[in-house]
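Enquirer: Listed here are the chains, written in short residue letters.
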Amino acid sequence: MSPKKFDVREHKLVPKHERVPLPEATEILKELGLDPTQLPQIRASDPVVKAIGAKPGELVRIIRESETAGKTVVYRIVVVG
Amino acid sequence: MSFLPQPTLKVLERIKFGVLSPDEIRKMSRVQIITAETYDEDGMPIQGGVMDPRLGVIEPGRRCPVCGNTMHGCPGHFGHIELAKPVIHIGYVKQIYDLLRGTCWKCSRILLSEDQIRDYLSLMERLDRLFPNLKPRLIEHIRQKTAKVQECPHCGAKQKKIKLDKPTNFYEKDKGVRKLSPDEIRARLTHIPDDDVRLFGIDPKEARPEWFVLTVIPVPPAQVRPSIMLETGVRSEDDLTHKLVDIIRANNRLKESMDAAAPPIVIDDLWELLQYHVTTYINNEVPGIPPARHRTGRALKTLAQRLKGKEGRFRGNLSGKRVDFSARTVISPDPNISINEVGVPEEMAKLLTVPMRVTPWNIEEARKYVMNGPYKWPGANYIIRPDGRRTDLRFFKDRKALASSLTPGYIVERHLIDGDIVLFNRQPSLHRMSIMAHKVRVLPGKTFRLNLLVCPPYNADFDGDEMNLHVVQTEEARAEALELMLVQEHILSPRYGGPIIGGLQDYISGAYLLTTKSTLLTEEEVMDLLSVTDYKGELPEPAITKPVKMWTGKQLVSLFLPPNFNLRAKTSVNAGRLKCEDEDCFNDTYLVIKKGKLLTGVLDKKSIGAQQPESFYHWIVKEYGVDYARFLTDNMFRMFIRYIEKHGFTMSLDDVEIPPEAEERIREILREAEKDVAQLIEAYRKGELEPLPGMTPEETLETKIMERLSRARDQAGEVAAEYLDIFNNALIMARTGARGNILNLTQMSAALGQQSVRGERINRGYRGRPLPHFKPGDLMPAARGFVYSSFRTGLSPVELFFHAAGGREGLVDTAVRTSQSGYMQRRLINALMDIRVEYDGKATLPDGTVVQFSYGEDQVDPARSDHGKPVNVDRIIERVIGHEL
Ligand SMILES: [Mg+2]
Ligand SMILES: [Zn+2]
Ligand SMILES: [Zn+2]
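Those protein sequences? They're chains A and B, same order as listed. Numbering-wise, the first sequence is residues 998 to 1078 according to our numbering. Numbering-wise, the second sequence is residues -8 to 876 according to our numbering.
So that you can see chain A by itself, here it is in the shape it has in the complex (with noise of 0.2 Å):
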């Protein structure tokens, strides 16, 4: 039916998103000292983390271009909704 399947990560507004693996998103929010009701959250139904793959409870990281750090890189929780 639809024509092939935008791929949202492919978009130039987008910044790169990625999956972290659980131990080592332990490790990270260890380092941060935080737990992950602190974390700032992405929605499950966010088209990034569905392209992903990342579930409710995982941690995206992303890397986006900073105006002042050149580089940055948060942390988010995806939760349901």
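One or more of the hints may lead you astray.
Distance condition first, Cα-Cα at most 27 Å in a straight line; then the derived DSSO-like pairs of lysine-lysine [what the hints assert, rightly or not]:
#: 1; chain 1: A; residue 1: K1047; chain 2: B; residue 2: K359
#: 2; chain 1: B; residue 1: K537; chain 2: B; residue 2: K588
#: 3; chain 1: A; residue 1: K1013; chain 2: B; residue 2: K860
#: 4; chain 1: B; residue 1: K312; chain 2: B; residue 2: K359
#: 5; chain 1: B; residue 1: K833; chain 2: A; residue 2: K1027
Derived CB-CB ranges, DEER-like [claimed, not checked]:
#: 6; chain 1: A; residue 1: G1050; chain 2: B; residue 2: T(-1); range: 50 to 56 Å
#: 7; chain 1: B; residue 1: R240; chain 2: A; residue 2: T1034; range: 50 to 56 Å
#: 8; chain 1: B; residue 1: I256; chain 2: A; residue 2: T1034; range: 57 to 63 Å
#: 9; chain 1: A; residue 1: P1044; chain 2: B; residue 2: A566; range: 47 to 53 Å
#: 10; chain 1: B; residue 1: A468; chain 2: A; residue 2: T1034; range: 33 to 39 Å
#: 11; chain 1: A; residue 1: G1050; chain 2: B; residue 2: Q107; range: 24 to 30 Å
#: 12; chain 1: B; residue 1: T805; chain 2: A; residue 2: G1050; range: 29 to 35 Å
#: 13; chain 1: B; residue 1: Q107; chain 2: A; residue 2: A1041; range: 17 to 23 Å
#: 14; chain 1: B; residue 1: L309; chain 2: A; residue 2: P1044; range: 38 to 44 Å
#: 15; chain 1: A; residue 1: K1009; chain 2: B; residue 2: Y619; range: 45 to 51 Å
I should point out that these hints are in silico values taken from the structure, not numbers from a laboratory. Heads up, the beta-carbon is just placed ideally off N, CA and C, and yes, glycines get one too.
Position chain B with the ligands relative to chain A; hints supplied.
Expert: What follows is chain B with the ligands alone, placed relative to chain A:
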């Protein structure tokens, strides 16, 4: 350290809101209010009326019949009114609507199957635990889902459509339309089981849905609605009292009609009246019903109006309140006080006080203040003994004896004196520099005085602006204000890595005139200039020795520069005829400072101006600190003002006058443009105009005409500038950046140019023409708001009309913009004010929720940055080797 008992501190964990049940209302009530009468003939409150003494005492000397306290101790007590028939609570109409639509009319169950109910309940329970912020979305989902169901999954009844006729009437649509009475609604809500209620996002323990329909209403204590005595001796009741009386009267009439078995139409009418009174008692601004009014025609202020809006309880009394030790008056300028100071009228200094703890070291001073008393400055208004007793010096005769009785441990509330730390504020307080700490200078007069250089951070001028002053009362607050809030600590703004405090207007003109090449000063003039500063050293060698000793302005400036300061920079005047690319240039517009000596170039807006990042003044603040920066503003800048004061500086009509030949050239330029426009119109009429991409031919024509006309105005301006003397005062101000620009001069001397509304040439008004002076469809410049005249020659009536139309738009824009940005500012502040930067650089909310993993992503304090950059390598090199690479 205080020996008073310290209050126990506890952390507020959460607040839960609920709805009062009829039982709770009755339980907390001390008296049932049954009569609309308030007072008898003797002026005594009637038992069972809205002023019943059991509702609390507010008259002095009387004791409360309920708690036995006087007016100071009695907290007030609630009463209640039993309604003859239930009415809808206007605040819960939406919830009632959702509940009626989401439940079965017959069995009152939620319109979901048992399985769905179970699943949703467990999901809701999990969300409550893990992601409470997602719960509203689930509730909304359920609400939408249930509203669509056609048939009850429990009893199979076919569902009817519920209609809400705002504000409080519900209808059921089946074959016909039938009104649902509050009675009936309440019955349906009563039958909804607790679990089903939960799925609507309502906790049945705190708020059963049937409580949304009122059967009994609480009567607030007298303290909440005190009556006031007018000067005439007539008692005037609070708006709430009036409304309560209305409710009781309507309620009693309804009850009587019911008892007398009146026809249903009569009863329904009275019932509706009761509904109206209860609704307006709660909220008198409900859309769709006329607000209840006072006899005078003023709308009553009822419950919701007490809380809502700017003057309401929250914004008016809780988020912000009136404070002691504060003052407000008009501001006026004083270039002779420091930027860190504020001039306070003596009259005010005698009313504002600072608590001064008496010690062996200041006891003599304290005695002097007490002896001077409250009316002689510097004196004192109160003394507080070590046991906490306060003596008002206004009513104490023998102040001499009192002064000698002072011992260490007393507190003297002395007048404000020079050097006291105060906070100074101008609204709107849009950034942190809107409140800064100043040191007091008590001065004669009735206005606050402030140094002109602090106008930019406050955005103040002297056309009648008023400012507020707050006297800080404790040592801790004084220390904090002095270290963190003093004006000099805010020279660098976090808004744009650069100084927000700096020269403006006459400071810039003065600096330019002083440092310009042609300025030579005699010994007398040099002495005069230096006398307004703190300069204590020797005079430098004069630049000219014969026939008389003369000094340059540059030499005077150099006296105040740090000896190792190097800078090369362009100036504002470095443009047009006076362009300089390097230091070896006779135009003297390239600024060169080597080893603290101003060698070439002038100081103007680009070097000493406020809000100029990467400028002379910015580097001084950054590299030599705020103390030194303040030293410059209080000395060198003062010298600039002194110079322009002696030199004299003004502008007149002559400054914008151009010779007839220039006028002829300008007319020629405008004629030329007019011809081109006529050609464009001609081409458009013939359909030969090539449309620009994405535009209709009409838009293309407009764009091209505007382009051509603005070019004509620019050309006219250039011609005018050519004929203006370089040392014409108006032009000096424009060139140095002190005030105005070349466009302003053009409009004054050559032509005003195109006036516009909404970015278009003026075309609104009559059909096809802005004014009846033109033919319909005339597209020529004159008929579409082009002004050929200049401000000097004066505008024709039609031109004046166009100018006014354009000017009006600007005024409307500002009015609209300020209200919109003010609202946005409030919302942003409320959302962002609790964010803090943790020690590890994370920006978080108080509960630890991350906002930014690293503050600003680079952890740079913008105030300490160079226009946003953390380091400026070029400047470092220049500082070290004296010039760029
Ligand atoms: Mg003003
Ligand atoms: Zn009482
Ligand atoms: Zn049913």
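Enquirer: Each hint: holds or not?
Expert: The hints, checked one at a time:
Distance check on the hinted pair: K1047(A) and K359(B) sit about 79 Å apart at the alpha-carbon level, beyond 27 Å; violated. With a CA separation close to 23 Å, the supplied pair K537(B) and K588(B) stays within the 27 Å bound. Only pairs whose Cα atoms come within 27 Å are accepted, and K1013(A) paired with K860(B) is accepted, the gap being roughly 26 Å. Restraint check for K312(B) and K359(B): not satisfied, since their Cα atoms lie roughly 35 Å apart, outside the 27 Å limit.
Between K833(B) and K1027(A) the CA atoms are separated by roughly 14 Å; this keeps the pair inside 27 Å, and the hint holds. Take G1050(A) and T(-1)(B): their Cβ atoms lie about 53 Å apart, and the range 50 to 56 Å holds. Look at R240(B) against T1034(A): about 55 Å separates their beta carbons, and that is inside 50 to 56 Å. The hinted range of 57 to 63 Å is satisfied by I256(B) and T1034(A), whose Cβ atoms lie roughly 60 Å apart.
At roughly 51 Å, the beta-carbon separation of P1044(A) and A566(B) lies within the given 47 to 53 Å, and the hint holds. Take A468(B) and T1034(A): their Cβ atoms lie about 37 Å apart, and the range 33 to 39 Å holds. At about 29 Å, the beta-carbon gap between G1050(A) and Q107(B) stays in the expected band of 24 to 30 Å. Distance hint check: the CB atoms of T805(B) and G1050(A) are about 52 Å apart, inconsistent with the given range 29 to 35 Å.
Distance hint check for Q107(B) and A1041(A): the Cβ-Cβ separation is about 21 Å, which falls inside the suggested range of 17 to 23 Å. At roughly 43 Å, the beta-carbon separation of L309(B) and P1044(A) lies within the given 38 to 44 Å, and the hint holds. Remark: the range hint 45 to 51 Å for K1009(A) to Y619(B) is upheld by a beta-carbon distance near 48 Å.
Hints 1, 4 and 12 from the earlier list are contradicted by this structure; the remaining hints agree with it.
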